[in-house]
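Q: Take a look at the letters that make up each chain.
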Amino acid sequence: MPESLAPVSRRRSLAALVALTAALGAGPALAQVRIDIAGTGGTRIPVAIVDFRDESKSPQPIAAIIRADLERSGLFKSVDAPGAISETSVPVFPEWKARQADGLVAGSVNKLADGRLDIRFKLWDVVKGAEIIGQAQAVHPEDARLAAHRIADVVYEKLTGEKGVFATRMAYVTKAGRRFSLVIADADGESAKVALTSPEPIISPAWAPNGRELAYVTFESGKATVRIQDVQAGTRRVLADFKGTNSAPAWSPDGSQLALSLSRDGGTQLFVINRDGSGVRRIAQSSAIDTEACYSPDGSKIYFVSDRGGGPQVYRMPATGGAAERVTFGGGYNISPAISPDGRTMAYITRTGGAFRLSVMDLGTGQSQQISEANDDESPAFSPNGKLIVYASRAGGKEVLMTTTLDGKIKTPLLVTLAEVREPTWGPFTSQ
Amino acid sequence: MKLTRYALTLIAAAALAGCGSTVKLDEPAPVVTAQSTTPPAAQQQVTTPVVPQSQVKPITLDEQLNQQVQGKRVVYFDFDSDAVKEEYRPLIDVHAKRLNNNKKLALSLEGNTDERGGREYNLALGQRRAEAVAKSLTLLGVAGTQVEAVSFGKERPAVQGSTEEAWSKNRRVELKDK
Chain A
1 MPESLAPVSR
11 RRSLAALVAL
21 TAALGAGPAL
31 AQVRIDIAGT
41 GGTRIPVAIV
51 DFRDESKSPQ
61 PIAAIIRADL
71 ERSGLFKSVD
81 APGAISETSV
91 PVFPEWKARQ
101 ADGLVAGSVN
111 KLADGRLDIR
121 FKLWDVVKGA
131 EIIGQAQAVH
141 PEDARLAAHR
151 IADVVYEKLT
161 GEKGVFATRM
171 AYVTKAGRRF
181 SLVIADADGE
191 SAKVALTSPE
201 PIISPAWAPN
211 GRELAYVTFE
221 SGKATVRIQD
231 VQAGTRRVLA
241 DFKGTNSAPA
251 WSPDGSQLAL
261 SLSRDGGTQL
271 FVINRDGSGV
281 RRIAQSSAID
291 TEACYSPDGS
301 KIYFVSDRGG
311 GPQVYRMPAT
321 GGAAERVTFG
331 GGYNISPAIS
341 PDGRTMAYIT
351 RTGGAFRLSV
361 MDLGTGQSQQ
371 ISEANDDESP
381 AFSPNGKLIV
391 YASRAGGKEV
401 LMTTTLDGKI
411 KTPLLVTLAE
421 VREPTWGPFT
431 SQ
Chain B
433 MKLTRYALTL
443 IAAAALAGCG
453 STVKLDEPAP
463 VVTAQSTTPP
473 AAQQQVTTPV
483 VPQSQVKPIT
493 LDEQLNQQVQ
503 GKRVVYFDFD
513 SDAVKEEYRP
523 LIDVHAKRLN
533 NNKKLALSLE
543 GNTDERGGRE
553 YNLALGQRRA
563 EAVAKSLTLL
573 GVAGTQVEAV
583 SFGKERPAVQ
593 GSTEEAWSKN
603 RRVELKDK
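Residue numbers (the numbering used here), protein chains in the order written: chain A, 1 to 432; chain B, 433 to 610.
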């Protein structure tokens, strides 16, 4: 149950707001774009975030990052927060009430003997005049940004009841001329870091559930092979290099194995392989193309694309293999399934009149809805809290990454750069 | 003595007549020089190498077939199709001949699609096209180990652009020596 910190009428409109929007953690790297929700009639939670004491000890501005995360979500409004209090202070609540703040955050940055930063904060309910939560984290100075995102996630969760994704990461591919890069960035598009650069294409990156490894398809050896890279260590190994084409890696939810598309037996067919590359076994048999496998979050089913019925459609079958049932029926071309963390919604791409459009399906009712009006949408992926979908699209004549709420009502460009960007995938929650 | 001089002359004439030569002795001996009267351009053709009569020069099919596949390295496809069209039958034939003639040769058959549609599904469509060409070759006796069908999907367009003309040039299989 979310902390109740506002009068009932405000809480109701807040709930409506959360239902309508729930947009968060998304913003372009180069252009500041505000999510405009003025038309929804809801109010944003006013929060005061005071600059942390001794914040200059951190290479990143902690309070400013928290403010930006919360504001970008569209559910919060930053209130003027002067003064110099920290988590050890006792706030003078009438002062903050007068400033119209519902929530108050203050903290401090301390340097430890081993060089790490000890970053502490407290969140107060101004209306109730009580502390909600206080936390401390010791981080490497290079993780200062991550620490700020974690605090924003805590504030978000305590005040909305939903888990925040500010501290998660994205992976995507960029193309500049004949240079392809596999890039990892914060969920806000900032702090982009290159994991791999290649003169040949890279496609289908897939985060391991542990958030530390990326599987992807690379053409560097003259054909498609699948590699797994340890992102932090910068090491990698070949997962699949069988005869023909090796592609579409998809991790099982427990991280022990991956589903793959292999042409080693002729055609493109579905296989499963252990994460160490052993034990490859075929899990479906058809004379058609079977590809783009995607595990259900509970690991019991695999969704996949097959053109056994003529054009490509989404099917699902038991994860160990077995009879497949068709899932999509609208139109002649449905591909790229992604399943929400609660297993109830499927995002996919449908071709309609020559345009390729992001759509969502309620898996319980089978009802579908196109949520994009663009022409070249690709590769949707859910945020780990299931509130947003990131996908590749075209805008202004170039490839861009977009995030959208599940109803398609609030769309934000995540990344607009000089390079072409494609193939986004959203990393998991990571524990501290 | 008149007789001696006359006799000498007679004897000399007889001796010369017996030689069978009509060269007059007081003319200089003709010197064979090829350069003197022929124009420069024709000089090259005048000298011919000496070829042993017993020589047998073999014809190597390798070289002939290498020649014959030049400029015949791409098969194009219709939209949404992996059918190898009739017009490519001669191309397939000559590649099959070349591979059958030299079992050490191997080809990578690289399938491609135009830019429309998803990356992974297009990778599979390109694979289908490459395998269709592979099948055409193996039906003509080429060993399966001599051909590997791979796909680049839509990742390696030959021609940039979003017109049917560009698209038609990208729906292809390239036959490359490994």
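What the hints contain is simulated information worked out from the structure, not anything from laboratory work.
One should not assume that every hint holds.
Derived DEER-like restraints, expressed as beta-carbon distance ranges [unchecked claim]:
| hint | chain 1 | residue 1 | chain 2 | residue 2 | range |
| --- | --- | --- | --- | --- | --- |
| 1 | A | Gln285 | B | Ala575 | 24 to 30 Å |
| 2 | A | Gly277 | B | Thr595 | 28 to 34 Å |
| 3 | B | Thr577 | A | Thr197 | 30 to 36 Å |
Computed from a predicted model, the values in this text were never measured in an experiment.
For glycine and all other residues, C-beta sits at the position ideal for the given N, C-alpha and C.
Q: Hint by hint, note whether the structure agrees.
A: Status of each hint after checking the structure:
1. Between glutamine 285/A and alanine 575/B the CB atoms are about 26 Å apart, so this pair conforms to the stated range of 24 to 30 Å.
2. The supplied range of 28 to 34 Å is broken by glycine 277/A and threonine 595/B, whose beta-carbon atoms lie about 43 Å from each other.
3. The hinted range of 30 to 36 Å is satisfied by threonine 577/B and threonine 197/A, whose Cβ atoms lie roughly 34 Å apart.
When each numbered hint is compared with the structure, a violation occurs for hint 2 only.
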